[in-house]
Amino acid sequence: MSGYFKEIYDGGKSLLVGMGITFRYMVQPVVTLQYPHETVPMTPRFRGHIDLACDQAGNHKCIVCGTCQRNCPSGCISLKGEKPEGAKKKLLIAYQLDFTKCSLCGTCVESCPTDALIFSKNYNLAGLSGQEFILDLLKRQEERSK
Amino acid sequence: MSDLAVDPSCETFVLNMGPQHPATHGALRIKLVLDGEYIVEAEPVLGYIHRMHEKMGENRSYLAFMPNTGRLDYLSALSYNHGYVSVVERAAGIAIPERAEYLRVITVELNRISSHLLWLGAFVLDLGGFTPLLYTMDDREQLLDLLESVTGSRLTYCYFRFGGLYNDVDDNFGPGARAFIKRMRRRLPMYHKLISKNVIFRQRLEGIAPVSAEMCRKYGATGPVARGSGIAYDVRKHEPYSVYPEFNFDIPVYEQGDSMARYLIRMDEIEQSLRIVEQGLDKLPPGPIMAVKVPKIIKPPKGDYYMAVEAARGSFGIRLVSDGSATPYRLKLRSPCLSNLSLFGEAARGLLLPDAVAFFGSLDLVIPDIDR
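Those protein sequence lines, which keep their order, are chains A and B.
Mapping the first sequence onto my numbering, position 7 (from 1) lands on 7, and the numbers just tick up by one.
Mapping the second sequence onto my numbering, position 166 (from 1) lands on 166, and the numbers just tick up by one.
This is chain B alone, in the form it adopts within the complex:
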């Protein structure tokens, strides 16, 4: 950290990064107070694409809110679908057939991989490397084709339903997913060779913007950001939901807390997700994909319910307060990106401006998820 950043001279100036800036990947504005090229203060300014999702939840039926959940973090829409259907199923006491649970886990994990692949391409692009983006997009395209053949959409999925799924998978899904796993396992070493070992890439990330475990706890950061700082917290392991306890997978943790650690976490997570998908396909039981008794109009009993799921960017929580009617009384959405962004101001202090861009990329923020 430069001495100037610790004790800024009187010649600081304000620079707006965003709301339209390619590295913020959406309409987010960061007000930077700079001393030369060093950041003295960074203040994220939110709300440019606030769409009142929580309020929308309060004035429509439970099913009618379903499409909204795919539009918060649109890159891991299935995790959000999963969180929402799970909390409503928990509230209304709906049991889900095992096949549906397995298919939910498989599709969510595939979605996590596609989200990480897009992040990887965009992140390296932020750092000035264009080629990896084309390779990750190629891989992601295979995955989107696979998910499209199941869910009917490519990005903003609306696939899960209370009590099960919209439709079962076809016969091509299993072989298609296995072919993708094989392909991805071949590609990962290539990515490590091309990106992880690249000198420029490493020098721009190693030791840059260390985030301590203490800071993660203070701001409630979860997901790869927390795991990159040595906090082994993953909702799938610590508050298991769905059929995750039946899978054998590891939670990658790195102690360094720098941008490189956050990058490596996501690369390892792709590997772990491939393991989960593989096991899911092996264990996939036959049977129905929809619970037999699902009321047409969902009216959960009065109460306060909470459910958290591990989305691609961290713990996504939904608090549902029901007054017994057909519309939620309150629907609070806890987004991982907002918490992960909150630590930006403190952690970016003293960084060089280009390093802050790399740090921002390593947080993997999706702006519609922050603003909701």
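Chain A with its partners taken away, still in its complex shape:
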């Protein structure tokens, strides 16, 4: 019989301790954010999808060497370059990123000999079709440098 009452006592005590903790947390400041009305700034090292970096003049630094394309584990980068008549160096004419395949490992950014790639801070990515995630980085870079 004493065991029965002890069980009731222990159960009641355990309940009150739990409720006490919950109550204390209830009156503490809110820890959540009202997204999308409030957002968290991304840390400097946050890895969003890649972007072409701009130099001071607003031009990209890509020399179309193709190292990023070769090193990408998922094969999500495709770029094209052309040598205009009379010019010595190749010029970038298209840089496409298939973000549906990217695993954000950072190998492309790391391997780029001219530091032409950066991680964007773009994390608000939502779309209705896969096509929306095939990004034209050259176009994005040109828009940014305008």
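No wet-lab data here; the hints were simulated from the structure.
For clarity, every value in this text was computed on a predicted model and none was experimentally measured.
Heads up, none of these hints are tricks.
Label-pair ranges, simulated between beta-carbon atoms:
| no. | chain 1 | residue 1 | chain 2 | residue 2 | range |
| --- | --- | --- | --- | --- | --- |
| 1 | A | Met19 | B | Leu15 | 32 to 38 Å |
| 2 | A | Gln28 | B | Glu246 | 37 to 43 Å |
| 3 | A | Lys121 | B | Met52 | 29 to 35 Å |
Idealized CB from N, CA, C, for every residue including glycine.
Could you slot chain B onto chain A? The hints should help.
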């Protein structure tokens, strides 16, 4: 154990738990033969999310396999990163700067805490307690912010590189990690008060699903499951790697082998990991984070190499067979979760169905790690 479960009547029936079941935390199916509410037989059915990671390792360069390692046990991705870079470094004979080794240990231990915190919340949720999940998520969020500021990602990290790290930590990392340690040390007694001492929680775990040390050895169970059964095995102590020998930490061991013991092991491990991180921050040497001579294309000499690391769920081993070319000849991944799951069938026999769910939660299985 009910008499019916020992000597089942002819009225048994089959119940599928999963592949879509909230308590299996992933696509795992368990075929249960039940007699009333008692389990007569439990057979895990695997392979719903098999992604051929081992085969993928054989057809790409060493560096290109790196992101895959973060997607096996995605909750302790850094341990898996660590295991893979270590085996390749061992094979290719690359020496790592001391600062990089310390930062690897610190980040891996922080990752272990975040993994245990998520498990804790989800485990209590499986048992019907919703509130602790919100508290653990709050703590884990602080940790993920910290790891994000270093690694750039929040879950599937790809931070280590052959010969060092992707980038050094910034100035805010040290104070941030210390603030987290302080916070967590304040929170742990609260968790014990709220969860460990809760009557319902204890009654659902104490003495339930005892796993003997013998059974752990038979199935090759490691990590908290083995340590909860009295086997003091931890790769960090028994086959020390990286700079772990320079740290002072204990291996928590409980003899009971029940679900409660497995729970307590992980709670103690959070404390031990905090100790390791604290010591790491105190000892963190200055210097480079990348070895000077790392070949651009890794071609380890011909041979057979093995490396095991202590991940959050047990011993994660990688066997690498190299034929001297730029791609591995064979990459065998030994996942702790598969071994820990293997004993489920035997240990769950005779349990009540709700107890089996609690037992399953106490094993802390990550399904993508089982299927690979």
